[in-house]
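As given, the protein sequences belong to chains A and B, one line each in that order. Per the working numbering, residue 22 is the first one in the first sequence, and the count goes up by one each step. Per the working numbering, residue -14 is the first one in the second sequence, and the count goes up by one each step.
Don't read these hints as lab results, they were simulated from the structure. Keep in mind it's a predicted model, so treat the numbers as computed, not measured. Among these hints, one or two may not hold up.
When the alpha-carbon atoms are kept at most 30 Å apart in a straight line, the in silico DSS-like pairs for lysine-lysine are as follows [stated by the list, open to error]: (1) K31/B with K64/A; (2) K271/A with K247/A; (3) K271/A with K256/A; (4) K238/A with K31/B; (5) K247/A with K0/B; (6) K37/A with K0/B; (7) K281/A with K64/A.
Pulled from the structure, derived: some chain A residues nowhere near chain B, Cβ distances all over 10 Å [unchecked claim]: (8) Q25; (9) L41; (10) I51; (11) M90; (12) H135; (13) Q159; (14) N167; (15) T172; (16) Y175; (17) H257; (18) R270; (19) K271; (20) I272; (21) I278; (22) P284; (23) E295.
Each residue gets a CB set at the ideal place from its N, CA and C atoms; glycine is no exception.
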Amino acid sequence: MPMQFVKYHVRDKYLKTDRLPHIWCPGCGIGSILNAFLLGLEKANIDPDKLLVVSGIGCTGRVAGYLNMDTFHTTHGRAIPFAIGLKIARPDMHVVVFSGDGDLVTIGGNHFIHAARRNNDLLVILVNNLNYGMTGGQVGATTPHNAITTTTPYGNIEDDFNIPFLAAAAGAVYVARWTSLHVRRLAWSIAEAFHRKGFRLIEVISQCPTTFGRRNKMPNGLDMLKWFRDNTIVKHNADLRETRIELNRKIVIGKFIDIKDKPTFEEQAYGLVEKVRGVKRGE
Amino acid sequence: MINNQKQKTQTIQVKRRGIVYLVKDRCKGCGFCIEFCPMGVLKPSKDFNAQGYHYPILVEEPPNKVCIACGFCTVICPEFAIYAEPMEEEKK
Ligand code: SF4
Ligand code: SF4
Ligand code: SF4
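Chain B extracted, bound-state conformation:
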């Protein structure tokens, strides 16, 4: 289910884009969002947050390697730190 999706995304036509939000200082750096984002657009930061953890940063490469607002990071995050919402002017 989660396996190999990074390769598949090369051929997927992106239908929807998302905006990723982060409450930076809640993150405890578990890396779940980074590991399981199906588009592979999250990476660990070089900086530390106030708790001393590496929080996720967004690295998009439009048009195809972008957040699609699938919402997986929103629900897997144990700290209620990250969430994504679809962009308003979607459907392109």
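Just chain A, same shape as in the assembly:
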């Protein structure tokens, strides 16, 4: 059977197809992660009309512009506070934050920690491309030690944030990490996390061949995916002290935390209102 040339893709129903091809570079991982997110959404059987997706600024921030559903493109680092507002106003909706490492744990790092601490009912998809891609490849708080970036031409002297450890320590109820190669497991993880409540974090390590890979001996997307294939190890419930990303060591991926039935901020807020006023919300 020869290949069939067609005009539409199976995921087109979720996308603003008039905006395709998207802006991401050839070989970038964000498109694959968005694709896996849509597969996860389908597997979880979530009605897109019951979903709000919030992005911040950066390459991953562009996700909001391509989804054909209610999406919000917010200011830099403020995707989480915006999403908290949405969820408290519309507790009936699923709220997803889909943004990058620079936006969520660097510029917006404090929001991230406190939302995890309060157990705000959000599903956070954090695409970690290990640098500031959109602005030209500067070092960030997620750049591994010794990596070369435009602002660390002799190697990064800082340690990076260990994001799963940070999230878990702050109180996140679901913590997983995959890469842009592990798209199937990522989709399953997203589907599973949709059916949990509270602050859920899925970190997806992604390739930015254009600004990061090029300077670190992996000039195209395929080189970086082979790096993910050969240098990752799946360890569910891993000791999170060992999940820092180092260039010369295997990157630990898997599902690390899955706590059910911890009350969310929203449940407790509405519960308190009910108790004090003696009426249900909306009455």
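Mind docking chain B with the ligands on chain A? Use the hints.
Showing chain B with the ligands alone in chain A's frame:
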């Protein structure tokens, strides 16, 4: 997981066949589908698409070297260009 599957396919009895679809002009030639197809049935084209990239083409050698509709290309493609679906008259 992905390693060495090309060799294994020689002995696998193909239970299901797929049809591969391509929105040709969306492809940016990243090669992910070609590299990670477990059956090794995708190859880069000689032609360019409208964006100037080499898109994947399907090179099957029935009965065993065929698309099995595993769906990996469908989900790894960053451009929403390629997808596969099982053939209707499967189960042989
Ligand atoms: S700069 Fe990097 S992260 Fe941004 S679109 Fe290009 S490859 Fe992707
Ligand atoms: S569905 Fe699987 S076997 Fe078929 S072309 Fe795609 S990756 Fe290859
Ligand atoms: S994965 Fe998609 S964009 Fe990449 S070569 Fe295959 S069809 Fe083209």
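Unsatisfied constraints (hint numbers, rising): 1, 6, 8, 9, 10
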